[in-house]
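Number of protein chains: 2
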Amino acid sequence: MTILNRQWIYQQAPVDLVGPEHYRYEEQPLDTALGRDELLIAARYISVDPYMRIGQSGKPTYDPHPHPVGIVQQAGVVAQVLASNAAGFQPGDWVRTYSGWQTHAVLHASAVNRIDPQLAPVSTALGVLGMPGRTAWFGLTEAGKPRAGEVVVVSGAAGAVGSLVVQFAKKHGARVLAIAGGAEKCRWLQEQLGADWVLDYRAYHDHAALAAQIRQLTGGVDVYFDNVGGMVTDAVVGEIKRRARIVICGQISQYNGHLDAPTLGPRFLHHVLYQRATIQGILARDYLHRMDEMLAIVGPWVQRGEIVFEQHVLHGFEQLPQALNALFTGEHRGKLLVEV
Amino acid sequence: MTILNRQWIYQQAPVDLVGPEHYRYEEQPLDTALGRDELLIAARYISVDPYMRIGQSGKPTYDPHPHPVGIVQQAGVVAQVLASNAAGFQPGDWVRTYSGWQTHAVLHASAVNRIDPQLAPVSTALGVLGMPGRTAWFGLTEAGKPRAGEVVVVSGAAGAVGSLVVQFAKKHGARVLAIAGGAEKCRWLQEQLGADWVLDYRAYHDHAALAAQIRQLTGGVDVYFDNVGGMVTDAVVGEIKRRARIVICGQISQYNGHLDAPTLGPRFLHHVLYQRATIQGILARDYLHRMDEMLAIVGPWVQRGEIVFEQHVLHGFEQLPQALNALFTGEHRGKLLVEV
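Chains as they are written, first to last, in the UniProt record's numbering: chain A, 1 to 340; chain B, 1 to 340.
A portion of the hints provided could be inaccurate.
Copies of the same chain look alike in the list, so a pair counts if it fits in one copy or across any two.
Straight line, CA to CA, 27 Å or less: simulated BS3-like cross-link-like pairs of lysine-lysine [stated by the list, open to error]:
no., residue 1, residue 2
1, Lys241, Lys59
2, Lys170, Lys59
3, Lys145, Lys241
4, Lys170, Lys241
5, Lys59, Lys171
6, Lys170, Lys145
7, Lys145, Lys171
Keep in mind that the hints were calculated from the coordinates and are not lab data.
Work out the full structure: start from the sequences and follow the hints.
Encoded structure:
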């Protein structure tokens, strides 16, 4: 038996925004005959993440080679088992996997992780209890190392990772400055997520003005969790305190159009020297084997309603790949998902 | 009794090169009457270091406040005891202290460290066995953490710190690329200091060309010990390998004229992200209390002649403060000193 599998095939690297020429829509028959330990799954939620734009660079980045052209766009997925030839899996079971931008797949059972739908909404397996949560938790705790009373600054604070970092930093007893684009995001960060201070970077036309405001609000920065780069980072780096920890989680301001030709900014390493600060790049996959540590702490917080994990869900498989652009231009808060 | 003390008084912050308006020469009578535990010392070697230019910034740097105006320029000094009212010190004893750009001083014995003239030439207390050696040793071992077989790149490699880092990295079994300005320095680095590769950065007009050569020579960088910043650093950062360690020891290209207004360069933090690299600022004073650890290892190397510690000695107290400019424009190798 075959079923119709819908796919978005990555076919050309975008220079700027994603357009119709970069992804090709395909419908393919999928043979549902299952080998031993195989599952047929149906995607329910498909992830859209900034890192996808990094894999589209022509140069080595996380991986030695860019995302291959001509295959399904790789992505995290929350799926349901439709049919199982693997012990322990039943139709209807929820799993997280990496089957990409397609509606169905036949996978070996070792390629999926079971999701407990009692713990939290299943879509959180792509958010607070998944890759973004892991990035926020280990990036903050392992590289940022916040202490109670310290000042933590988060850029891209309304995003999937940033919004969790704000809350995790508050849990550590830090005072948190959340930087985001637009008054509405800022209001949400302060009123719902508990940020001590908020800054709408769009209200500042240069890094010196932004830096002055950061200085006035915080008196200096101990931990900077950076998702954005560019002008915001230029502003924060000049305001670090002694032995500050700067965590580079993303540089989204540099992905669009200029991944291979970054923009110019003021050279700031002299501040790192004066303050004996540390800048550290972090990546979710480096902490994959430690997911249980995070779930043991963050899981109960989520269950008790102590963490806001807002999701912005676009409905319909056809919303891909335009959803990628929403990461860069959108007004969404929290985790961006496409529901199939 | 009084003696004539000659002093260079710091009186105005230079924007670019140091000129006669920035330092004032004075001759002052010095009362040689000694209180309990005091010493009268005569400077023999006076240090000239790039960090002095950092202290002349109008903004907080290492210290919350810049070097005060109207006092003797602070500096490390190798001196001889002329008279002693402190137990254990005799006239003729050699000491290291921080009495600055003046020929004489009356100091409490706690302000000096004894030098053993049998161990090595006394001037090495301002070089390989002093602050530059400590900076090179702990910066490389604590922040750079080189492993045998790794690639270590050193900028400002012919300088007081850089020339030691090259050799310490070789002692660790690393392969070393030394970057310096001018063919003569490069030849010295390769022939006398054992660098595996050398690069004269002056032969490259942009960071992309320099980066291509670094890539071709080394295949990628594990440790970058940076004394220079600017274009050289722009070039190296794009060539780092996974989990590279970048040590920021100095940014001498940014001190002259632009300390408060750094030049523009390409934003490079995305490389730090891809490679999960670390950038760490280091400062000699943070390791002052661990000097014995370094001397236990490096001291015997110096005694056995296994370390080249070249000195460039200018003769005459009047050579200060022009000697400061030589750090930025000069063709000297190793440690720059003024002999009184």
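Hint check:
1. With identical chains, the CA atoms of Lys241 and Lys59 are at most 27 Å apart between copies only, with a shortest distance of 13 Å across copies and 34 Å within one.
2. Within a single copy, Lys170 and Lys59 get their C-alpha atoms no closer than 37 Å, and across copies no closer than 31 Å, so neither meets the 27 Å cut-off.
3. Taking CA atoms no more than 27 Å apart as the test, Lys145 paired with Lys241 passes in both settings, with 14 Å inside one copy and 24 Å between copies.
4. In this homomeric assembly, Lys170 and Lys241 come within 27 Å of each other (Cα to Cα) only inside a single copy, at 19 Å, whereas the closest approach across copies is 34 Å.
5. In this assembly of identical chains, Lys59 and Lys171 lie within 27 Å of each other by CA distance neither inside one copy nor across copies; the values are 38 Å within and 34 Å between.
6. Taking the shortest alpha-carbon separations for Lys170 and Lys145, only the intra-copy value of 13 Å comes in at or below 27 Å, while the best inter-copy value is 33 Å.
7. Proximity of Lys145 to Lys171 under the C-alpha cut-off of 27 Å is restricted to the intra-copy arrangement: shortest distance 13 Å within a copy versus 33 Å between copies.
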